[in-house]
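Residue numbers for the sequence shown follow the working numbering, so the first one is 882 and each next one is one higher.
Don't take every hint at face value.
[Stated by the list, open to error] Within a straight-line C-alpha distance of at most 30 Å, the following computed DSS-like cross-link-like pairs (lysine-lysine) qualify:
hint, residue 1, residue 2
1, K944, K907
2, K885, K944
3, K907, K885
[Claimed, not checked] Quick list of the computed label-pair ranges, beta carbon to beta carbon:
hint, residue 1, residue 2, range
4, G926, L971, 27 to 33 Å
5, I975, K944, 26 to 32 Å
6, D980, A902, 34 to 40 Å
7, D983, T891, 20 to 26 Å
8, E892, E946, 17 to 23 Å
9, A945, A902, 17 to 23 Å
10, G924, T952, 19 to 25 Å
11, E898, E938, 18 to 24 Å
12, Q967, E898, 23 to 29 Å
13, Q967, K944, 34 to 40 Å
These aren't lab readings, by the way, just hints derived from the structure by calculation.
All of these numbers come straight from a predicted model, not from anything done at the bench.
Each residue gets a CB set at the ideal place from its N, CA and C atoms; glycine is no exception.
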Amino acid sequence: MTSKNIGFITELTGSAEVRGADGVIKVIGVGDVVQDGDTLITGVGTNIVISFYSGRELEIGEKAEILLDGTVSYDLGEFEDSQVDQVLALQQSIVEGIDLADLEETAAGNANEANALGQASIYDRDGREGIVDTDTTPIAFGGVIPDFEDIIGADEIPALEENTPSVVVAPPSINPGVGSSSETVGEDGAAVGSFTISAPNGLTSLQVGGTVISAADLANAGTVPVA
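Start from the sequences, fold in the hints, and give me the full structure.
Structural data, given as structure tokens:
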């Protein structure tokens, strides 16, 4: 019974072998076909990707031995052997460097048919949450941002002095002067010295100790002392 082709090699790094159901071992490369029942054997440092006709891919690492059967290749679905052979022919043409634009166009198929050879991206969400470091998050080696008390201790803050110096404000100097009317100033005993009288409106007379001094006497006071 002839084994069914289930896929082909799309990527290969290193070396790999396939042991068929008949026990024959052969070295494989990119573009080679794998069949149902083949056993894939990879060497050291090898990485290989198999694309199945079901639209799935299988990536195998180094030093592995995988049986290629329905458990890894999945169901071929509605694909018939003739359809698989057409795909194999196109793959072989690509390997040989033939331009696909020069090939004869195939008959138009049903537009509603699904293309099982199309690839889809599959993403898995594991629900894990990350930790984001901020300016207030402790650094990795255990550092902690100090509080204000760590920077300046409570006993290191200087206290305010209780005896603050008092401010003394000197009172303004007040010179009452003498008005335009008559003014009497009392004396405790005889006065010795000199004084100045300012009378903007004129001075008629001045009485000192019961003595009346006229304006003429004041005018001559610079040369004749007043008794």
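For this session: May I ask you to test the hint 26 to 32 Å on the CB atoms belonging to I975 and K944?
Result: Given range 26 to 32 Å: holds, Cβ gap about 30 Å.
For this session: Measure nothing beyond the straight line between the CA atoms of K885 and K944; if it is 30 Å or shorter, mark the hint as holding.
Result: Satisfied, since the Cα-Cα distance of roughly 26 Å is no more than 30 Å.
Exercise. Taking the beta carbons of A945 and A902, is their distance inside 17 to 23 Å?
Worked result: With Cβ atoms ~19 Å apart, the hint holds.
Exercise. Does the structure keep K907 and K885 at a Cα separation of 30 Å or less?
Worked result: This hinted pair holds, its Cα atoms lying about 17 Å apart.
Exercise. Taking 30 Å as the top limit, are the C-alpha atoms of K944 and K907 close enough?
Worked result: holds (16 Å)
Exercise. Does the Cβ-Cβ separation between D980 and A902 fall within 34 to 40 Å?
Worked result: Holds: the Cβ-Cβ distance is about 36 Å, inside 34 to 40 Å.
Exercise. Taking the CB of E898 and the CB of E938, does the distance hold inside 18 to 24 Å?
Worked result: This hint holds: roughly 20 Å between Cβ atoms.
Exercise. Between D983 and T891, is the Cβ distance one that fits in 20 to 26 Å?
Worked result: holds (23 Å)
Problem set entry | Beta-carbon spacing of E892 to E946 - inside the hinted bounds 17 to 23 Å or not | holds (19 Å)
For this session: Note whether the CB distance of G926 and L971 lies within 27 to 33 Å or breaks it.
Result: Taking Cβ atoms as reference, G926 and L971 lie about 31 Å apart, which means the hint holds.
Problem set entry | 23 to 29 Å as the expected CB spacing between E898 and Q967, which holds or is violated | holds (27 Å)
Problem set entry | Outcome of range test on Cβ distance (G924, T952; 19 to 25 Å) | Since the Cβ atoms of G924 and T952 sit about 23 Å apart, the hinted range of 19 to 25 Å holds.
Every hint from the earlier list agrees with this structure, and none is contradicted.
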